[in-house]
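Could you put the whole structure together from the sequences, leaning on the hints where they help?
As you go down the protein sequences, you meet chains A and B in turn. Numbering follows my numbering, with no gaps: position 145 of the first sequence is 145. One gets my numbering by counting positions in the second sequence from 1 and adding 1000 to each.
Rather than coming from a laboratory, the hints here were simulated on the basis of the structure. It is possible that some hints are incorrect.
What the hints assert, rightly or not - Computed beta-carbon distance windows for the label pairs:
#: 1; chain 1: B; residue 1: E1043; chain 2: A; residue 2: L216; range: 36 to 44 Å
#: 2; chain 1: B; residue 1: G1061; chain 2: A; residue 2: L30; range: 55 to 63 Å
#: 3; chain 1: A; residue 1: D4; chain 2: B; residue 2: S1182; range: 32 to 40 Å
#: 4; chain 1: B; residue 1: S1155; chain 2: A; residue 2: L216; range: 32 to 40 Å
#: 5; chain 1: B; residue 1: R1135; chain 2: A; residue 2: R243; range: 21 to 29 Å
#: 6; chain 1: B; residue 1: S1031; chain 2: A; residue 2: S224; range: 38 to 46 Å
#: 7; chain 1: B; residue 1: R1304; chain 2: A; residue 2: R242; range: 45 to 53 Å
#: 8; chain 1: A; residue 1: L14; chain 2: B; residue 2: G1061; range: 51 to 59 Å
#: 9; chain 1: A; residue 1: L83; chain 2: B; residue 2: P1105; range: 41 to 49 Å
#: 10; chain 1: A; residue 1: A3; chain 2: B; residue 2: P1105; range: 21 to 29 Å
#: 11; chain 1: A; residue 1: V185; chain 2: B; residue 2: R1086; range: 57 to 65 Å
Said to hold, decoys possible - Covered stretches of chain A (in silico footprint by chain B; criterion: 3 or more residues with CB under 8 Å from a CB of chain B, positions within the stretch not fixed):
#: 12; segment: 169–181
#: 13; segment: 217–231
Idealized CB from N, CA, C, for every residue including glycine.
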Amino acid sequence: MYADYVARRFGIMLLVIFLAVTINFVIPRLAPGDPIEAQLNQLIASGGGAAGDVQAMAASYRARFGLDQPLWHQYLAYWNSVLRFDLGFSLANYPERVSQAILAGLPWTLGLLGFATLVSFTLGTLLGGIVAWPRTPRFLRAAGSSLLVFSSIPYFLIGMILLYLFAIVWRVFPAGGGIPFGTTVGLNWSTVSGLAWHGTLPAISIVIAEIGAWALGMRGMLVSVLGEDYITLAEAKGLQNRRIFVWYGMRNAMLPQFTKLALTLGHIVSGAILVEVIFSYPGIGFRLYQAIQTNDYFVIQGIVLLLTISIAVAMFILDLIYPLIDPRIDGRGR
Amino acid sequence: MSQPVLDVRDLIVEYKTPKGPARAVNEVSFSLRAGERFGLVGESGSGKSTTVLALMRMLRGGRIAAGEIRLNGVDLAQISEPAMRRVRFAEMSLVPQGAMSSLNPVLRIGDQMADIFEDHGVRRSAVEREGRIERLLEQVGLPGTVRWRFPHELSGGMKQRVCIAMSIALRPSLILADEPTSALDVVVQKQVLGTLSRVQRELGAAIILIGHDMALMAHFVSRIGVMYAGRLVETGPVRKVFAAPRHPYTKMLIEALPSFEKTAAFKGIPGVGPSLLDPLPGCPFHNRCPMAIERCRTDPPAFRTGSEDHHAACHRTEELADA
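The following block contains the structure:
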């Protein structure tokens, strides 16, 4: 039964990845203009070299990248390289490979955003639950509700304010970068403290900005769950308030939060572009920003592909654990 | 006669509304002896369910404005909230109305029964507790293995049986059953009610059954109370009330029951109940009552004793009794 369910979910994931790779292949080829000629023209314009042989150079580059082959041939070759995680070269930072660029930025982004997302998920969910619980003391509910105001402030704005106050006015935290210069990275105290010191401001700005969204979602769900008949019976049973809150209220209201968490975690590989740019944090978002600025098609393409695949994988993992958190989804096609 | 299990005196429940307080329950008094079966009937909005919620002190948005609720001698209207929590299910349990949705969908049946013992400080070993839960389930006609199931794996009738098993877990002296079968089909209704009846007798607990189905009620309870517009308008032994109702509203309710003997047009009671916000002066039923006289419009009728324990709040109750 469960094996069936897993197989079906796995099939769906493979289908999503297949479509994502295919679309990722097709879209750039539908775009008007020739990226190679555009790039060459740019090089020549900036370098001031001879303009005559652009056509010949473009043709040789096309041959070099296999772009003179028939489309189906290119498509198969594309699959072949994707499977080997060979996403080609960065146009802007040639000869850096796209896979190198991604691998250089990914740990930073996963660390920063994974941490910040889990913290804001936990705090926001708890906050939403406390605000919605009718037996919460009034002052606590008022305080909690006022925190929700932050959800309406964009996080780059919070980032800029934090940066101004803590890095420029008070100089408590560094203004940018991922780790102090000259740190030898390893499993030692200076690495950990350096990472934390540099990661604090960007993490706080993400947490502050996202906590409200988690709290709002949780508040809405818990309010509707608290109107259910099983809450009334739980109260009639004379259960402790804490048990009703956690096991009858929160436990049921949590379900949509998990879906949102999986989607959010799937998204973090694309980075938090604005936060990373503001704090010049060396993550994927910063790379993506640079790539967009320099028309670095292959890097953009690679990051977008990574994003779609990681969302598909995150949803698959969510499907696997969902029967554990909601027994009504038990793998019998429901 | 020994002390009653439950003694309700002049209970008044009010809901706060923007237009002022609405009296959902108005000066209701009744009492139950040990093991007695009492039925509360009335149309929607007559205050039956509110009465039950008031007994459990679980009114949402409402409050007990006045009156006493003595359960085994203790006035529940006065005790603290933590003390009230300990009374729930230990001394007075509830079989809920919405059987389909009254169980927590993410917890196994056994866990939802075990937490009753845990939160009421019943310390038992895990093995003992498992055995107790298994016996409770068997008592209501379910296999003990149901404790491993989730609610969505059970039928409506099974879920209601689980609720009945829960209600007797701590051996309370009073069970409140708020239309326990309204969500079930007719065949299952009879079976579930039969089960409730059996476990109640075995336990020796008193029971209050809420309902609007007069016929179902007649089979189950020994004494009946009829509510109208938040007031108790007639109480008495169920046979006497059916044979010779002493309030015109009860009479019309009974006449509205379909009968096999005579085929006639289906009779209802014309009109709707009065607004609770703006109660009628005099008798609350006078605008729908075929027997209303001038006095009923101005003078609220007191609860009057008829024969033995058969009472009604009507100015013309004697004429009804003679008819």
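Cross-check of the supplied hints:
Between E1043(B) and L216(A), the C-beta spacing of about 41 Å keeps the proposed range 36 to 44 Å intact. For the pair G1061(B) and L30(A), the beta carbons lie near 60 Å from each other, so the given range of 55 to 63 Å is met. In this structure the supplied range 32 to 40 Å holds for D4(A) paired with S1182(B), their Cβ-Cβ distance being about 38 Å. With their beta carbons about 37 Å apart, S1155(B) and L216(A) fall inside the hinted range of 32 to 40 Å.
Roughly 24 Å separates the CB atoms of R1135(B) and R243(A), a value that falls within the hinted 21 to 29 Å. Here the CB-CB span from S1031(B) to S224(A) is close to 39 Å, well matched to the stated 38 to 46 Å. Between R1304(B) and R242(A) the beta carbons are some 50 Å apart, a value that agrees with the proposed interval 45 to 53 Å. Taking the beta carbon of each, L14(A) and G1061(B) are about 53 Å apart, inside 51 to 59 Å as hinted.
Hint check: L83(A) to P1105(B), Cβ distance near 42 Å, so the stated range 41 to 49 Å holds. Evaluation of the 21 to 29 Å hint for A3(A) and P1105(B) yields a pass: the beta carbon distance comes to about 25 Å. For the hinted restraint 57 to 65 Å between V185(A) and R1086(B), the CB-CB distance of approximately 59 Å keeps it satisfied. Check on the segment 169–181 of chain A: 0 of its residues sit with their Cβ under 8 Å from a Cβ of chain B, so the three-residue criterion for coverage is violated.
Note: the segment 217–231 of chain A has 3 residues with beta-carbon separation from chain B under 8 Å; the three-residue rule is met and the coverage holds.
The structure is inconsistent with hint 12 alone, although it conforms to all the rest.
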